[in-house]
Amino acid sequence: MAADTHEAPADSEFGRVSRTKDVAFRLLALAATLIGIVSLAALLLNVTLDAVGWLDWQFLTSPPHPNPYEAGFLPALIGSVAIMLLIALITFPLGVGAAIYLEEYADDGYLTRFIQLNIANLAGVPSVVYGLLGLGLFVGLFRIGYGSVLAAAFTVALLILPIVIISAQEAIRAVPDSQRQAAYGMGATKWQTIRDVVLPRAMPGIMTGTILALGRAIGETAPLIMIAAPTTVFGAPTSIFSKVSAMPLQIYNWASYPQTEFQYGVVAAGVVTLLVVLLTINSIAIIIRNRYQQRT
Amino acid sequence: TGIFASEGNQINIAGSSTVFPVTEAIASAFSEENPTVNIALSKTGTGGGFGNFFCAGRTDINNASRAIADAEIEQCGNSDVTPLELTVATDALTVVVNPNADWVDCLTVEQLREIWRADGAQRWSDIDDEWPDEEFELYGAATTSGTFDYFNEAIIGEEENHRSDYHATERDRTIVQGVQGSEFAMGYFGFSYYSENPDSIKAVAIDDGDGCVEPSIETAMSGEYTPLSRPLFIYVAKESLTKPSVRNFVRFYMNRAATDLVSEVGYVPTTEDQRDENLKQLETAIEEVTE
Amino acid sequence: MTNEQMTSSETEPTDDQTAPTPGTDGLADRADAGAETTTDRTLLETRDLNVYYGDDRALTDVDIEIPEKQVTAVIGPSGCGKSTFLRCINRMNDLVDAAHVEGELLFDGKNVYDDDVDPVALRRKIGMVFQSPNPFPKSIRDNVAYGLKVQGKDDDNVDEKVHRALERAALLEEVEDQLDSSGLDLSGGQQQRLCIARAIAPDPDVILMDEPASALDPVATSKIEDLIEDLAEEYTVVIVTHNMQQAARISDKTAVFLTGGELVEFDDTNKIFENPEHDRVEDYITGKFG
Amino acid sequence: MTNEQMTSSETEPTDDQTAPTPGTDGLADRADAGAETTTDRTLLETRDLNVYYGDDRALTDVDIEIPEKQVTAVIGPSGCGKSTFLRCINRMNDLVDAAHVEGELLFDGKNVYDDDVDPVALRRKIGMVFQSPNPFPKSIRDNVAYGLKVQGKDDDNVDEKVHRALERAALLEEVEDQLDSSGLDLSGGQQQRLCIARAIAPDPDVILMDEPASALDPVATSKIEDLIEDLAEEYTVVIVTHNMQQAARISDKTAVFLTGGELVEFDDTNKIFENPEHDRVEDYITGKFG
Amino acid sequence: MSAPDFSHDTSRTARGTVFRYFFMLCALLSILTTVAIILTLLVDAVDFFAQVSFVEFLTGTRWSPTNDPVAFGVLPLISGTLVITIGSAMVALPIGLLTAIYLSEYASERRRAYLKPALEVLAGVPTVVYGYFALVYVTPALDTFLPLSTFNALSASIMVGIMIIPMVSSISEDAMSAVPDSLRQASYGLGATKFTVSTSVVVPAALSGIFSSFILALSRAIGETMIVAIAAGQTPRMADLTDPAGMFLNSIQPMTSAMVQIGTGDIVGQGEAYKSLFAVGLTLFVITFVMNLVSELVASRYREVYR
Ligand SMILES: Nc1ncnc2c1ncn2[C@@H]1O[C@H](COP(=O)(O)OP(=O)(O)OP(=O)(O)O)[C@@H](O)[C@H]1O
Ligand SMILES: Nc1ncnc2c1ncn2[C@@H]1O[C@H](COP(=O)(O)OP(=O)(O)OP(=O)(O)O)[C@@H](O)[C@H]1O
Ligand SMILES: [Mg+2]
Ligand SMILES: [Mg+2]
Ligand SMILES: O=P([O-])([O-])[O-]
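Residue numbers (my numbering), protein chains in the order written: chain A, 344 to 639; chain B, 46 to 336; chain C, 87 to 376; chain D, 87 to 376; chain E, 311 to 617.
No false leads were mixed into what you were given.
Now the in silico label distances, taken between C-beta atoms and shown as ranges:
id : chain 1 : residue 1 : chain 2 : residue 2 : range
1  : A       : G358      : D       : S300      : 50 to 56 Å
2  : A       : I630      : B       : N293      : 44 to 50 Å
3  : D       : Q331      : A       : Y635      : 39 to 45 Å
4  : C       : D312      : A       : A367      : 43 to 49 Å
5  : C       : Y138      : E       : D491      : 17 to 23 Å
6  : D       : S300      : C       : D271      : 37 to 43 Å
7  : E       : R422      : A       : W400      : 36 to 42 Å
Over 10 Å on every C-beta distance to chain E, these chain C residues come out as not near it, computed from the model:
id : residue
8  : P163
9  : R250
10 : V305
11 : H328
For the record, the hints were derived by calculation from the structure and aren't laboratory data.
Just so you know, even glycine gets a beta-carbon here, dropped at the ideal spot from N, CA and C.
Next comes chain A alone, as it looks inside the complex (with noise of 0.2 Å):
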């Protein structure tokens, strides 16, 4: 739609209709979706420029250390990464799995529609809650062990696995009917159907969601809290049932450690590594998707 809001006209025959309210109503709206833009903008640079001096070299390869000058981010950085890879395994499966059977399989029934509803509220339930999950069920039933990889994986995998769902899903809707038919025309199985005609077709559209929805992961604290994930760790995690800790969670550590230091340096360039992490992981996304979107 066009903007209709241009200067009220002088005077003519047809008399005039005040724009005052239109115009203020602009400016509002405008300054409404500006606002959340803007603020987080403000603390970004902030944020960056609180990390200048601290996030170099050193900080990227060292373990944490109560000494500001000394405090490293590696054992974090590859606990996430290492967490990450984790989840993206489990949940690539099962959530194309679980999206390959709603949208190609499943009939119109109470049954779909069920999990359908169910899924949709599962995206909704609070990440600590997935936190009380993994801490009862892998911690707790399974004997995973407290805090370790295979523990913080399953668990966040759980709380992201509805969004992979959600959104390989619309991929999978989004391939033409008319490439299934041509494929079942040929005498084409629904197996052979899903693998060489529609995961094909929907496989950017799904790897974008996945992906999108590991960055989620990535910036991911409470759960880890929950199933008692260590405060600190200094060195890489060695198998998947070592004790390991993450970004964000050495983030909130040190967001409480005496020393202004920390507060005003240390966390600052924990927090701009994070934000590049993830900034990398969707740029991906969008690179996949923007590929995708040329070719049809």
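Based on these hints, arrange chains B, C, D and E with the ligands on the given structure of chain A.
Frame of chain A, contents of chains B, C, D and E with the ligands only:
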């Protein structure tokens, strides 16, 4: 329990937030020399560490800002954990107020008790008529912490309860920020949290009947700072000493605890005698379990 | 007069309205009946009107004079620019980013594309009814009162105005008891009459209708057609239709657009349908194409 | 079309005009030519075929015998069930949850709706070409080889089979140098021929086509039409079309469905177009409705 | 031609069945997750309620799980959650709604193309970062002109509010975009300005979608953990309704924050204090679950209206 915790080169530590910086500094140094060892360190409070982790067989070492309690020893025994106590530093538990609170520089133990006991004073003026007629804003250690237990024992005593309407936290930084943020606030924690922020918060001298004594490394070492100076410990599960990585780490710890590494963090290092005594105990325990 | 205009496409502003009504031999009864009451004063006039969407021209050099208080029908094949023409009159095309108008469109002698004309004010003089009924998801009363409210005419006796508009739109009887129920609960034909009531409630001068009956069944259509004939007693009606019988039945004048947005012929409706000047118009009307 | 409306309108006194009869010119050269080679052996036969979508009946008691190696055209107004009929033959309607088939459909004497029939196996004997070209976003080669692959016929000389299919589909010459480029890069007409090549590559018995040329321009359409006539030398072709001239041009037999999913007439194409039994069929073919 | 053979290929059918059941299992996993959540919460919560009466839990106005005398009234925590929810709603609902109106009615195609992703960034920033921002930048900034505690509901509310803006704006915008253009045309045709069109036609017609976005956003605010754990404090207390300013200027403790406090090891295992974690978790789960459900049902209704 604990089948995975004792796996390979993993060393698990939980417990006191007071001792945390010491252990962190030493663990950081250790892991740079031994990159294949993965040390995981949690800040749970002394009691939380004993109850939830150490005596449940989930950690190898527990940081402690007080001695282990009988109930905890019993709990450890139930899951076949034998604690070995090692002193690693001395702390001056410090009471702090806002720098703008110019009316108070020194408090007697009785005054402190009046402020921190349940059903005690609510306003500054309740303690001294000269002081502002304002409510206290109190920040202190959570009940699971050794600091709480020590303060409770040394100041409040058996007769009374520690008050419960205060900001209780395991994150001492929170106390620094809270006290810094309000003119009428007061808090207490380990000395290191004060020594790192001498400008933003003010330490109160304590009068235990012999005049006011400022908390400092010197007064703690000399024993003048009573009743709030206290020893800090780590407890090692003897069973964990079967793991070479734990043995090496604890030896390393004992050696480093006698160095400036500890004073940099804000506590008093162990004396050389203490260190030798610690190492002797340690080697005896190692021999016990490796036979 | 129209023939004159057609031949002299080079614009010579024809302001005087002295041309007599051409003979109407018994075709459209509306045209007959109207002959007595209509004045043939020109209310809307275009001069060299061109409309572009981006670089595509949708209307080409349109010159037309639309008489007051008559029904003018606009017919032509799909995509010839009928809707575009209609939407020019009340400057609804301003809402389309790509649209761009050249030439003049005079409303009572005033060019509505002059800089000093406020399109919002203009639209208050011109009601509009769309192809599919589009009542607001509000009560019937609020639907009809909406224009009054928007135009600040809701100070007094809104209820009376609402009733009158519904009556004019031949809907009052059917909905009198349910003025507070939703406009969406009505049938398609009722909804369209509701939209007409909504358009006439603020008492405009002109009513534009873009295929107002194309989404309706024959019974509802015939009700709307009757209504349109009535409306011309008070309002100037311009109606786009793809249904030639409808144009023949209800209009006094008919404008035939053909592909390319060209106004090929504009004349009395019976003339157009009985004896058009142009072969292309005859071909179109007899169904040879389109 | 317009004449229809004009005359059928009761209120309108315009004179009656004789409607031109579309569809009879250029009629049935294929039907004539084919008469010598075809065998008239029945390959597909329905008995009392009824199809429902939920509770709505889309096909009503259809009985038809489709001859082998001829082109059978299916015509009828929109929504009469042409596509439904076609999709019954290879059980593509199984994919529609709501669809439900009663009666028998015999393929070479075997009821394809018997319990022991695997629809996947059935479809391997019946190729299908759709209204809009729908090549896979794969290379031209992989598109054509796809059927071979899913049917497990890709053990040897796939390349030869691909070439032969492209040749049969009159596409080989145009794409021979770019077999590895994407099928989506072809023009619409080429894409449709690619889909035909894909359908015939696994060498089915029957080819079903649902308005295969409706999305194409006239040149591409005529290429496809030529191709269809050729295909009938080897395959049984059933083609749905809304274009009566096309049916007349390329088919040997024509089935006329009318609204309600009723098969009103089925006969030799020239019979249907020159002298249909039923008035309704004649009305439909001469454009009186639809 | 011999009689055609259309018989089933058993190995193919078997393979198809295997895949089908695998995919179905994946889908059923989501139900399993819900069941698991409910069970894990219930098992310990039931233990807890064996020691602390359900009524006392739900109606008690003192939360003091470890300090003598212990008390397990969840109301102070719910009150803390409520304060944060109200605060963030006051930030996010008007801003999100106005943003949605701007994007759907005013912004040009091009401007929308970069504003929308920019807004999505707000929802993508890890909450621990927001919490840090609130504590380290927002609180000191506000403290220069407000009598603010270091830990306070205000900055936490603002940050939670900013975080949930995109949730309100994007779902509301979807609902507004679903309003048929013909309604706008009708309004413009009657001489309405864009302001009138937006407020008197588009917003009312999209109301159920807007409503649904509100509920969803509030549900997210209720469940938000790290921001409040870092910035809102750990003082469980009943909100004093007579002193709305004090409600926001001081430290509070929402349910999630209490859970983190217990979870970080502040409470020794297996006692009722520890079990209370699950009782609070269950309360939180039930509240958000109901809200999500309502939001989803309302949303599916508006999706049906204009199809
Ligand atoms: N918003 C638009 N943007 C670009 N081109 C447009 C737009 N609206 C109409 N057009 C083009 O302008 C030409 C005239 O369109 P218009 O809608 O006026 O035709 P019409 O006579 O009303 O047709 P119909 O009978 O199908 O409604 C067409 O070629 C159309 O494609
Ligand atoms: N998947 C479906 N679900 C429900 N009804 C359907 C479905 N497909 C078709 N129908 C209905 O069945 C009837 C016949 O449809 P069909 O598509 O076979 O007609 P057609 O003759 O091919 O029409 P067209 O010429 O428009 O393609 C129609 O009334 C249609 O609405
Ligand atoms: Mg139109
Ligand atoms: Mg069809
Ligand atoms: O953390 P603490 O040292 O107070 O137990």
